[in-house]
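Protein chains: 2
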Amino acid sequence: MKIEFHSIGIIHTPFDNLEGMPIQPSSAIGVKGTVELVKDLTPALDDLNEFSHIYLLYFFHKSTSLRLRVSPYLENKEHGLFATRAPNRPNPIGLSVVKLITIENNLLHIENVDILNGTPLLDIKPYVMQMEPTDALQIGWLEKHNTKLHSKMSDGRFVDN
Amino acid sequence: MKIEFHSIGIIHTPFDNLEGMPIQPSSAIGVKGTVELVKDLTPALDDLNEFSHIYLLYFFHKSTSLRLRVSPYLENKEHGLFATRAPNRPNPIGLSVVKLITIENNLLHIENVDILNGTPLLDIKPYVMQMEPTDALQIGWLEKHNTKLHSKMSDGRFVDN
Numbered sequence: 031m032k033i034e035f036h037s038i039g040i041i042h043t044p045f046d047n048l049e050g051m052p053i054q055p056s057s058a059i060g061v062k063g064t065v066e067l068v069k070d071l072t073p074a075l076d077d078l079n080e081f082s083h084i085y086l087l088y089f090f091h092k093s094t095s096l097r098l099r100v101s102p103y104l105e106n107k108e109h110g111l112f113a114t115r116a117p118n119r120p121n122p123i124g125l126s127v128v129k130l131i132t133i134e135n136n137l138l139h140i141e142n143v144d145i146l147n148g149t150p151l152l153d154i155k156p157y158v159m160q161m162e163p164t165d166a167l168q169i170g171w172l173e174k175h176n177t178k179l180h181s182k183m184s185d186g187r188f189v190d191n
Numbered sequence: 031m032k033i034e035f036h037s038i039g040i041i042h043t044p045f046d047n048l049e050g051m052p053i054q055p056s057s058a059i060g061v062k063g064t065v066e067l068v069k070d071l072t073p074a075l076d077d078l079n080e081f082s083h084i085y086l087l088y089f090f091h092k093s094t095s096l097r098l099r100v101s102p103y104l105e106n107k108e109h110g111l112f113a114t115r116a117p118n119r120p121n122p123i124g125l126s127v128v129k130l131i132t133i134e135n136n137l138l139h140i141e142n143v144d145i146l147n148g149t150p151l152l153d154i155k156p157y158v159m160q161m162e163p164t165d166a167l168q169i170g171w172l173e174k175h176n177t178k179l180h181s182k183m184s185d186g187r188f189v190d191n
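Chain order of the listed sequences is X and P. So the number in the working numbering is just where the residue sits in the first sequence, counting from 1, plus 30. So the number in the working numbering is just where the residue sits in the second sequence, counting from 1, plus 30.
The following block holds chain X by itself, in its conformation from the complex (with noise of 0.2 Å):
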C-alpha cells in the first residue's frame, strides 16, 4: 500500500551539514530556527500560538538507505532501527519537539531546533503533556547514556553521501 504525502513547508535553521548537528532537540537548547509553512495553510495555524511546545513532522530527505540495525550516536553497539531515532526507517519520517517562540503568518519561529536547514514539513501538533503517560518509564540501551543525552552532537555516520 503506498501513501502519497507532500511538503507542507520547508523548516529553516543553522544547521546546513548533518556533521555537527544536535542529535536531540534537548542538546539543542537555544538554538533557532524558523517554520516556512506554504501560504494557502496559513488559516490552520489559528491559536497555535497559545501553545508553548510543538511536534513537528518532517521528511528525512537526506536519508536515503534503510538500515535494519543501526550504531546510534550514543554508542557503537548495534540495535535494532525501531530502537533509535536513526533517519534510516523505511518512511523516513522526523520527528522532534521544539519550542514555539511566535507565529507571524505562515512563519512560525521556533528554538531548541536538531533538524537540518531545508527539511521538508509533514505536520505540525501541539504538544500536550497531559497527552503522554504518566506511568514508570524504562528507556532500554539510552538508560546508560541519561546524562549524555544532553550534549552528544552528530558525527555524520548516517550520511549518505
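A pair counts as met if it fits within one copy or between any two copies, since identical chains are not told apart.
Taking lysine to any residue pairs in the SDA-like style, the calculated list, with each CA pair at most 20 Å apart, reads:
| hint | residue 1 | residue 2 |
| --- | --- | --- |
| 1 | Lys-69 | Leu-96 |
| 2 | Lys-92 | Pro-150 |
| 3 | Lys-62 | His-139 |
| 4 | Lys-69 | Pro-150 |
| 5 | Lys-92 | Glu-34 |
| 6 | Lys-32 | Pro-122 |
| 7 | Lys-32 | Thr-94 |
| 8 | Lys-129 | Val-61 |
| 9 | Lys-32 | Asn-118 |
Derived by calculation from the structure, the hints in this document are not laboratory data.
Given the structure of chain X, go ahead and fit chain P onto it with the hints provided.
Quick look at chain P alone, frame taken from chain X:
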C-alpha cells in the same frame, strides 16, 4: 514536492468505528492492541522490548478531507487545524504514545491504544522522556479541558462517510 511512503504493517485494535473511540492514549488506559509489522522488518525490532513506551506513527486512512479549521472533540469552538490533533490534515499522519507489553517476532503487543482497527503503520520510535521538553508548558485552548483529557471519547465528527 511529493513524498511516497508505504505501509509497513497493520495496527489491530478493538475499534472498528470512529465513533466512541478514545480521543487520546491517556483516555484509552488498558485498551489492548497489536502491531503486525511486515516480516522483512523484524530485525529492526531488536532491543525495542527494553522500552516501556513507543511512538506509533500511522496513516489516518479514513481521513479524506482537509479542513483548515476544526471543532475538536473537547469543544464546539473552531480552532486552526494545527492547534488540534484532528485527522483532517494536509498529510494525515497520526501520532500516539502507547505502552509496549511484549514483542513476539513481528508482533508487538501494546496497551493504551486510541487507534482505529486496520490502521496502516508508518513508523515506530522509542519514547524517551529525556528527549521531551523540561520547561514550563502552555497548552492553549486545551488548558480549560485539562480534567476532561483523560475521559473524553470521540463522537465521530471527523467521519466523512
